[in-house]
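K.L.:
Per the numbering used here, the sequence shown starts with residue 1, numbered consecutively.
Honestly, the hints are just simulated from the structure, not real lab data. All of these numbers come straight from a predicted model, not from anything done at the bench. Incorrect hints may appear among the rest.
[To be verified] Below, computed lysine-lysine pairings styled on PhoX-like, alpha-carbon distance capped at 20 Å:
(1) K211 to K158
(2) K101 to K158
(3) K211 to K153
[Claimed, not checked] Cβ pair distances, simulated, as ranges:
(4) D75 to D376: 29 to 37 Å
(5) R19 to R520: 33 to 41 Å
(6) T147 to E52: 15 to 23 Å
(7) E401 to K101: 21 to 29 Å
(8) E26 to F146: 25 to 33 Å
(9) T307 to A55: 16 to 24 Å
(10) A387 to L207: 31 to 39 Å
Virtual Cβ for every residue (Gly too), placed ideally from N, Cα, C.
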Amino acid sequence: MSAPAPSPLAIVDAAPLPRQEEVLTEAALAFVAELHRRFTPRRDELLARRAERRAEIARTATLDFLPETAAIRADDSWRVAPAPAALDDRRVEITGPTDRKMTINALNSGARVWLADFEDASAPTWENVVLGQLNLSDAYARTIDFTDERTGKPYALKAAGELATVVMRPRGWHLDERHLVDADGTPVPGAFVDFGLYFFHNARRLLDLGKGPYFYLPKTESHLEARLWNDVFVFAQDHLGIPQGTVRATVLIETITAAYEMEEILYELRDHASGLNAGRWDYLFSIIKNFRDGGPRFVLPDRNAVTMTAPFMRAYTELLVRTCHRRGAHAIGGMAAFIPSRRDEEANRIAFEKVRADKDREAGDGFDGSWVAHPDLVPIALASFDAVLGDRPNQKDRLREDVHVEAADLIAVDSLDARPTYAGLVNAVQVGIRYIEAWLRGLGAVAIFGLMEDAATAEISRSQIWQWIDAGVEFENGEKATPELARKVAAAELSAVRAEIGEAAFAAGHWQQAHDLLLRVALDEDYADFLTLPAYAQLQG
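Turn these sequences into a full structure, and let the hints guide you.
P.N.:
Right, dumping it as structure tokens:
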């Protein structure tokens, strides 16, 4: 085999990292460059199509199943490829970023799957992007053992048979990687950087370990975007001599438009599809984003009041289970984000009961597995699914033919009997500022008020502030949602943080910057499609 041509990609504005030469090899960068050359123009077209579809939703204030793909939905004959053995049992999945400590703890957690996250749980500093790849490769080579410098605690992997299967999540289509540019100075999409480096370095190694290159695909908005991923998989497997069908992808149905195209998304990926997942915060964020011109009936209450038992959320999750099982795919449930307290056992007891009830509901509804954010929640979720599954790896034979969801059911937001509250506004401001501040320090998964929060948290927080002000919501205390009120609450939060952590820590952080960024995206008349786009421009490193 001839040597690959030198990569036309350049690394810019990035300080050298330890061992980066092991990740950023000439051959790996040439592979990423080829992905960029072949597929970025289509990525760009699909992003433009998103804007066109948003404009159509603004005009009509509705969505429907696609008439042009009705034949795919009506055809009972097709199924996705059978699950590989390593992905047949997914009853508990843990999520988290790919730092060294998390990599070991997640693999050792007892969960069947670890979602190794380069997306919402990872702030995309160049260090996180490159060293996250290195940590995964080290884990597969079993050279990742280390000792925490601060605590002196050693970390090491358990035996291979006890480790979770990795399903890696690259960045969404909308995010670019500014540190890797082509000859014209155009940044490479982050999705191609994350996928390309991981696939190039690990696909064959994973096959040798009896597993494979498995992926979670985030922020998908249409079956055409799934088609692009499928073409990327076909090319990547051919290019590296990996058998076709080795890749497996689970798509997060975390946008409202994708909820109307679940079958088509599975169809486009059918040789590589593994399942669909029901995301929550991004799904609600997507509803606000797409229906922000739709009037009062689309105004959501406090985020914590929108549980998965809300009628429009039930319609979404039950349709997902029915769709997946009809096509032989796994249906994966939502996140339990609670972080156990080491000091408040009563709070833990109450939270554990809520987690148990949520996982019991998912298992009872037919889901094949679900997500948790903390290792202590693995046994709780496992018990819920063990009770339903027993020794079976999944319940894909439960077809849920009793489920009948109409197009209007998915956007019946006004079916929820709850209203925005002043406390909800305060919480949105608090969580938004605290999360953005941590993100600007390079942390994408952050414990805030007992919950593990990620970028979807900041998106729903700022979106709710924006929506409530735009709708002129009046809270139960008589105050009206206005820019002035949001600024007042944000100023109070900055003062509270300063008192809580002390002047020195406050000055060392990014608190004023986070405050200003939250208010910018929450109060601007022009709604930013993604908070992470203006935030990335301010991210150091």
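K.L.:
State for each hint whether it applies.
P.N.:
The hints, checked one at a time:
For the suggested pair K211 and K158, the alpha carbons sit about 17 Å apart, so the restraint of at most 20 Å is met. A distance of roughly 14 Å separates the Cα atoms of K101 and K158; the hinted pair therefore holds under the 20 Å criterion. Restraint check for K211 and K153: not satisfied, since their Cα atoms lie roughly 30 Å apart, outside the 20 Å limit. A hinted range of 29 to 37 Å for the beta carbons of D75 and D376 is inconsistent with their spacing of about 44 Å.
As the Cβ distance of R19 to R520 is approximately 37 Å, the hint placing it in 33 to 41 Å holds. Between T147 and E52 the beta carbon distance is about 53 Å. The supplied range of 15 to 23 Å is therefore violated. A hinted range of 21 to 29 Å for the beta carbons of E401 and K101 is inconsistent with their spacing of about 45 Å. For the pair E26 and F146, the supplied restraint of 25 to 33 Å holds, since their beta-carbon distance comes to about 28 Å.
Restraint check, T307 to A55: a C-beta distance of roughly 31 Å breaks the suggested window 16 to 24 Å. The beta-carbon spacing between A387 and L207, approximately 34 Å, falls within the hinted interval of 31 to 39 Å.
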